[in-house]
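The lines below spell out each chain.
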Amino acid sequence: MSLETTKIEAKQKFIDLYQENLSLIKNDYPEFINEIREKAIKQFGVLGIPNKKDENYKYTDISSAFDNGYKMYLSPKNIKFEVNDIFKCDVPNLNTRVILLLNGWYYDRKNQLETLPDGVIIGSMKKAIEQYPDLVKKHYGQYASLEKDGLVALNTAFAEDGVFIYVPKNVVVEKPIQIINILMDDEEGLTQHRNLFVLEENSHASVVVCDHTLSITNFTTNSVSEFYVGQNAQLYFSKMQNEHNGSKQVSHLYFHQERDSSVNADTVSLHGGLIRNNVNVLLNGEGCENNTYGLYLTDKGQHIDNYVHMDHAYPNCTSNQLFKGVLDDFATGAFSGKVLVRKDAQKTQAYQANNNILLTDDVDINTKPQLEIYADDVKCSHGATVGQLDEDALFYMRSRGIKKKEAKLLLMYAFAHDVLKNIQVPALQERVQDLVAKRLRGELSRCNSCQMHCC
Amino acid sequence: MLSIKNLHANIEGKEILKGINFEVKPGEVHAIMGPNGSGKSTLASVLAGREIFEVTDGKVNYCEKDLLEMTPEERASEGIFLGFQYPIEIPGVSMVNFMKTAVNAQRTHKGLEPMSSSDFLKLMREKKELVELDAALASRSVNEGFSGGEKKRNEIFQMAMLEPKLSILDETDSGLDIDALRIVANGVNKLKTKDNATIVITHYQRLLDYIVPDFVHVLYNGKIIKSGGKELALELEEKGYDWLKKGADK
Chain S
1 MSLETTKIEA KQKFIDLYQE NLSLIKNDYP EFINEIREKA IKQFGVLGIP NKKDENYKYT
61 DISSAFDNGY KMYLSPKNIK FEVNDIFKCD VPNLNTRVIL LLNGWYYDRK NQLETLPDGV
121 IIGSMKKAIE QYPDLVKKHY GQYASLEKDG LVALNTAFAE DGVFIYVPKN VVVEKPIQII
181 NILMDDEEGL TQHRNLFVLE ENSHASVVVC DHTLSITNFT TNSVSEFYVG QNAQLYFSKM
241 QNEHNGSKQV SHLYFHQERD SSVNADTVSL HGGLIRNNVN VLLNGEGCEN NTYGLYLTDK
301 GQHIDNYVHM DHAYPNCTSN QLFKGVLDDF ATGAFSGKVL VRKDAQKTQA YQANNNILLT
361 DDVDINTKPQ LEIYADDVKC SHGATVGQLD EDALFYMRSR GIKKKEAKLL LMYAFAHDVL
421 KNIQVPALQE RVQDLVAKRL RGELSRCNSC QMHCC
Chain V
1 MLSIKNLHAN IEGKEILKGI NFEVKPGEVH AIMGPNGSGK STLASVLAGR EIFEVTDGKV
61 NYCEKDLLEM TPEERASEGI FLGFQYPIEI PGVSMVNFMK TAVNAQRTHK GLEPMSSSDF
121 LKLMREKKEL VELDAALASR SVNEGFSGGE KKRNEIFQMA MLEPKLSILD ETDSGLDIDA
181 LRIVANGVNK LKTKDNATIV ITHYQRLLDY IVPDFVHVLY NGKIIKSGGK ELALELEEKG
241 YDWLKKGADK
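Line by line, the protein sequences give chains S and V. At position 214 of the first sequence (counting the first as 1) the number is 214 in the numbering used here, and the numbers step up by one without a gap. At position 184 of the second sequence (counting the first as 1) the number is 184 in the numbering used here, and the numbers step up by one without a gap.
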């Protein structure tokens, strides 16, 4: 059977699955959501699942993650687990407000949506659609384009639950909100949760997301998160990827920033068999700031692919992309960082860098920095490095008595630190620094049936 | 303490050390001088264990052990210290972290408990005085943004922290002004004891006014062609190296 037919088969399987379960999927949802679904499934029919012939997925075989007959979680599965067992933590608690997703469904079935005294709304996407349809309608599907990536269309067609966070005008949410995405089941599954974060004018919030697998079964995740960051609002977003090496994850983040807003987004990828992170930013007003950072530590046969698209649509905005990675054993990686500066986006400052350390001869990284500039009064730079650890520095340390292994760790940790120092929640920064140090030493085991390590 | 016999070493196939014979006893200060390219830095690097140099012949005995069998970190833990001619910058690794890791690695090698953080910081504060190292510099990344003089003083600071038995100072005076030179020399002199020894590699006699050697050796073309007392350094200052070179080249 040719690759072509297999590809079409997988696409058709999803379309058939959609049609067969139409009522289950559309039930409980208002018209506007279902209209978006229909548009999405049509687009999916056109675009299909990306493969290596697609320029944006050239270095990552993502189609295999979607062509394996994994079951889909069209309704929440009743898996009970002792929440307390999960939180056995050997480090002081992060002082956050925790919400859980289990296999893409909001876990707390009793308290699905909470409205706090200051007007902040936190909870299940599905419940939010039910209770606040007008608010959701304003933003849902507005930022995640269906035109470019078939996987976004796929998620949009099937999306049922996820996280919804709304911060009203002028409200500062002091405590970071921590979303823990748990994948746990006896059968292999595909989850496609959908998140929406709305920060209105002048508001501040921090959101930390941790992805974990709690069973040794294989999972695939295809998640879409839309972020509306209003005028002068500030968002700190941090994502920690720590699933086991049998899991595959595609994450699509869409940030829509209004004027004078600021977004700092970090992704720290510690474990996971196949990860593809897509970050799309639209700077939709003057004076915006966006810092998108990533750190990936890979070994064995891991594959990690980071894709960033930064759109400077207005003048006087500043953006920074810094992705650093360490590749060991026979891991592979890719980075594609695009900066688009539109014609009238004068006085743009856009910086981008991707630095990689390769520890063995068998690893592979493809890095593609791209600048597409149409304005003439801008400051832009891009760079990519691929190298080994500094031999002179290693010898200098050894000549002081530091053992070779320890010296290498010090250097790798110093390399990672550039990204880690940008983590804005102090307790989280410490925790992540600790995890990274452990990960580099090989001490952070991905023991799948046991407790989560980061939360 | 140190006994070098017929040491030959090369780098990328080119022979640099062509039969070095040299002995150092505890309490001694030896100066090694010589024109550029004679192998002075190579000798220092080979003794410290730099792997880009290949030792092709000879023996080096250090405190009754075979030095050439030891890794660079083992040599350091056994008390050898190399003051680099061009100290390396290590962005992202703080001086404190660097020194603490080194001090504790050496202590572990000797079977001692690692130092507590507070004891360690106290030690750092104490030793900083010796070379007038700014408190701010100690909290930065290793050598990052340090001036030439600050880097050299930092080498002596590390020497003070690690208390080596045998220090090899590779052109510690290069790039230093008189004041920095005095501070560095002062530091080295204060650390001198009857049980440790120092090998000072230098071009210029000037440093030897401050760090007075017991023995002076001239290294030319990979061999020691003349040894003498501290007056030899003054003779070289006057006459240059030519008179010795002529003799060696014949």
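What the hints contain is simulated information worked out from the structure, not anything from laboratory work. Any given hint could turn out to be false.
Below, computed lysine-lysine pairings styled on BS3-like, alpha-carbon distance capped at 27 Å [said to hold, decoys possible]: (1) S:Lys403 to V:Lys223; (2) V:Lys246 to V:Lys25; (3) S:Lys405 to V:Lys192; (4) V:Lys25 to S:Lys408; (5) V:Lys151 to S:Lys404; (6) S:Lys404 to V:Lys110; (7) S:Lys408 to V:Lys151; (8) V:Lys151 to V:Lys14; (9) V:Lys65 to S:Lys403; (10) S:Lys421 to V:Lys110; (11) S:Lys408 to S:Lys300.
Outcome of the hint check:
With a C-alpha separation of about 32 Å, the suggested pair Lys403 of chain S and Lys223 of chain V falls outside the 27 Å cut-off, and the hint is violated. As the CA atoms of Lys246 of chain V and Lys25 of chain V are separated by approximately 30 Å, the hinted pair breaks the 27 Å bound. For the hint pairing Lys405 of chain S with Lys192 of chain V, the CA-to-CA distance comes to about 32 Å; that exceeds 27 Å, so the pair is violated. About 35 Å separates the Cα atoms of Lys25 of chain V and Lys408 of chain S, which puts this hinted pair outside 27 Å; it is violated.
Taking the CA atoms of Lys151 of chain V and Lys404 of chain S, the gap is about 23 Å. The hint holds against a cut of 27 Å. This hinted pair checks out: Lys404 of chain S and Lys110 of chain V have alpha carbons roughly 18 Å apart, not beyond 27 Å. Taking the CA atoms of Lys408 of chain S and Lys151 of chain V, the gap is about 22 Å. The hint holds against a cut of 27 Å. Our distance criterion of 27 Å between C-alpha atoms is broken by Lys151 of chain V and Lys14 of chain V, whose separation comes to about 30 Å.
Pair hint Lys65 of chain V plus Lys403 of chain S holds up; C-alpha atoms about 20 Å apart against a cutoff of 27 Å. With a C-alpha separation of about 35 Å, the suggested pair Lys421 of chain S and Lys110 of chain V falls outside the 27 Å cut-off, and the hint is violated. For the hint pairing Lys408 of chain S with Lys300 of chain S, the CA-to-CA distance comes to about 18 Å; that is within 27 Å, so the pair holds.
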